[in-house]
Amino acid sequence: MPDLATLLAQVFTGLVLGMIYVLLAIGLSLIFGLMTVVNFAHGALYMLGAYLGVFVLTHTKSFWVALIVAPLMVGALGLLMERFLIRRLYGRSPDDPLLLTFGLSLILVEGVKVLWGKIGLTLDPPRALAGAVDLGFMAFPTYRLFLIGVTVAVLIGLYFFLGRTNIGLIIRAGSRDPLMVRALGIDLGRVWLVVFGIGTALAGLAGILAGPMRGAYAEMGVTMVIESFVVIVVGGMGSLLGAVVAGLLIGQVVALTTLFMPKAAEIMVFVVMAVVLLVRPSGLFGEAGLAE
Amino acid sequence: MDRRSFLATTAAGAAALSFPAILRAQSKDPLRIGFPLPLTGPFGALAADQQRGATLAMEELNAQGGVLGRKVEVLFRDDQLKPAVGAQRTKELIENDKVQFIVGGLAAHVQMAINEQTKKSKVLFISVSQSDEISAKPDASPLTFHEALNPTITSRAVGSWIAQNLGKKWWIIYADYAWGKQNNMVLQEVLAKQGGTLLGSTPYPLGSAEFSAHLPKIQGAKPEVLVSMTPGADNIAFLKQVQSYGMKKNMRIAQPLHWLPQLKEGGPDLYADIFGGTSFYWELADSVPSAKKYVEVYQKKFNAPPGDYGAYAFSGVMEVARGCTLAKSVDSEAVADALRKSPTYDHYKGKQWWRTCDNKSFQDLWIVKGREPGKTKGEWGLAEIVTKIPANEELDRTCKEKGQA
Chain A
1 MPDLATLLAQ VFTGLVLGMI YVLLAIGLSL IFGLMTVVNF AHGALYMLGA
51 YLGVFVLTHT KSFWVALIVA PLMVGALGLL MERFLIRRLY GRSPDDPLLL
101 TFGLSLILVE GVKVLWGKIG LTLDPPRALA GAVDLGFMAF PTYRLFLIGV
151 TVAVLIGLYF FLGRTNIGLI IRAGSRDPLM VRALGIDLGR VWLVVFGIGT
201 ALAGLAGILA GPMRGAYAEM GVTMVIESFV VIVVGGMGSL LGAVVAGLLI
251 GQVVALTTLF MPKAAEIMVF VVMAVVLLVR PSGLFGEAGL AE
Chain B
1001 MDRRSFLATT AAGAAALSFP AILRAQSKDP LRIGFPLPLT GPFGALAADQ
1051 QRGATLAMEE LNAQGGVLGR KVEVLFRDDQ LKPAVGAQRT KELIENDKVQ
1101 FIVGGLAAHV QMAINEQTKK SKVLFISVSQ SDEISAKPDA SPLTFHEALN
1151 PTITSRAVGS WIAQNLGKKW WIIYADYAWG KQNNMVLQEV LAKQGGTLLG
1201 STPYPLGSAE FSAHLPKIQG AKPEVLVSMT PGADNIAFLK QVQSYGMKKN
1251 MRIAQPLHWL PQLKEGGPDL YADIFGGTSF YWELADSVPS AKKYVEVYQK
1301 KFNAPPGDYG AYAFSGVMEV ARGCTLAKSV DSEAVADALR KSPTYDHYKG
1351 KQWWRTCDNK SFQDLWIVKG REPGKTKGEW GLAEIVTKIP ANEELDRTCK
1401 EKGQA
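Protein sequences appear in the order of chains A and B.
Residues in the first sequence are numbered consecutively from 1, following this note's numbering.
Residues in the second sequence are numbered consecutively from 1001, following this note's numbering.
Each hint should be verified, as a subset may be incorrect.
As the list claims (entries may be wrong) - Okay, derived cross-link-like pairs now, SDA-like style, lysine to any residue, Cα gap no bigger than 20 Å in a straight line: (1) B:K1222 to A:V133; (2) B:K1301 to B:W1380; (3) B:K1222 to A:L7; (4) A:K263 to B:G1200; (5) B:K1264 to A:L115; (6) A:K113 to B:A1063; (7) A:K61 to B:P1373; (8) B:K1249 to A:G131; (9) B:K1301 to B:E1379; (10) B:K1248 to A:D177.
I should point out that these hints are in silico values taken from the structure, not numbers from a laboratory.
Only a predicted model underlies this, so the values are computations on that prediction, with no experimental measurement involved.
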């Protein structure tokens, strides 16, 4: 049995890890919740965010500029994807956009290897965030604490955008009853374009933020997209609150199983997912019928 | 034939055509060597190095007029790091492309699948994977050769050195698959033999980018040495996270293997003072004559120094050629017999030899250490050589232990 300090350190590590899962999953959740499009290219766009982050960083020498510009670049690519490819598939089976985005992810991964080579890139945290802070019970990386701040800011921003603005109102209405919204004379195509742009930009943001912790390499999105799917499936496809609760839950599951039974840490995540789906088939906070 | 392998073959062919010696050698059918390797997937950078090494061997041989008057062709096929694909590509190479020999394989499990095919078709296979279960029963065969190091040799050699030089209180973390598990087992034996203490040993799933959940426990245990087997991109994520938790200050970090592509990717900030074993590091050119020659030719052609995986591939192809020349034949059994009869060779890093009871290659290895920022030598001079561990059959399991007596 580990002592109390180790247990506390582990729970805290799991908490921060959970927030990172939320950050990774939020863009995927947004796009699915509002458009019912399963964006399989989420992981590849995350990877692209990290690579473009390095690209902007080497040209501007500023992490902060890169932190803003790289997600915007990924979001711009997302706009193009929606406008010219995904838009053609609305109204068809949900498998079609899934296959399309899966294909796009393969193109992006191999494309990045052609452009930047097979060896990954280095992305360091800005000097102000390098190193560790002494929390009393353990030394903890400053950068991970900063990530909590970013995640909370993103969540608050999304909450106000969706809940308190006119366009947010239209987006939510469009996800409930697209026909009625169209009948009111609103161009839903433009709304979905915006949603897809935001969702992909968030994937890019997660990518540049993950780079300093995990490195930037072409396959970095492969495991990340699985982690993100687990989080939004457990939380309920499309629910932001669900994504937060599920992210924190999975963070604790990983942290505590790693502490007591490291061999089972990976499988436990899927056990939790299976149990949640058995008890609540549409996830913890999901609306029944959304994914059907 | 898919697009990638088509490109690889035509590129190889075009390169070969630029040598006048080929024109003389073309009167006979070419000598064909199939080379399955994981060009796509997480080990892509290492596979690219393998491809460069094997291409270089092919060009060197053709520049000398080929083998037995025949032009040499190496046919690369992407095994996608999947055993089923590796088996299929190998089968196609043997049956459709009519290769006489197979060299290649990078991952332990894919190499097994390749070996099953070569055994079935009675084709000589020189594996360049860092894992060598194929040279033990029941997978072994008189036609299965193993050019690279293996977990037993690497971890016995590097592990003993770590215990004697860095500290005897260890924590081990390893990727939960064949190569990681074997190293973990051998390292624990070594540590016990050296009278050290194992504070803990944790597996993690290969391909993981998140290690934070492992770190508080390791921090709390206060090991003198953290021994890591986190291959490929995992290595970068692992070291970044260890560093960000401030652990590099409190413990030494060592790994049975260092990988040059990762050293390049992570840079000196990450790899400074991290110890690792290696079968080849290009700065050996300063002290080993055959390494000097190999590094010069490689550097000239590819504009970057060779890594260890490329060197294995180079040596593997060269050994096929040497065997053919000795046997005056391209028959797999004759070539295998010839290699066992004259087992000593030196293609790139000093003397190596085949142990004839299991066709395992014995070779020197080195301990290297990451250089600090500001002390690197050029773009690729990221590590310094600490010491050499000479080739020694006692570092491996005996043939009897491998069921090969």
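Structure-based check of all given hints:
| no. | hint | result |
| --- | --- | --- |
| 1 | B:K1222 to A:V133 | holds, 18 Å |
| 2 | B:K1301 to B:W1380 | holds, 16 Å |
| 3 | B:K1222 to A:L7 | holds, 16 Å |
| 4 | A:K263 to B:G1200 | holds, 13 Å |
| 5 | B:K1264 to A:L115 | holds, 17 Å |
| 6 | A:K113 to B:A1063 | violated, 32 Å |
| 7 | A:K61 to B:P1373 | holds, 18 Å |
| 8 | B:K1249 to A:G131 | holds, 11 Å |
| 9 | B:K1301 to B:E1379 | holds, 17 Å |
| 10 | B:K1248 to A:D177 | violated, 55 Å |
Figure legend: structure checked against the earlier numbered hints; hints not met, in rising order: 6 and 10.
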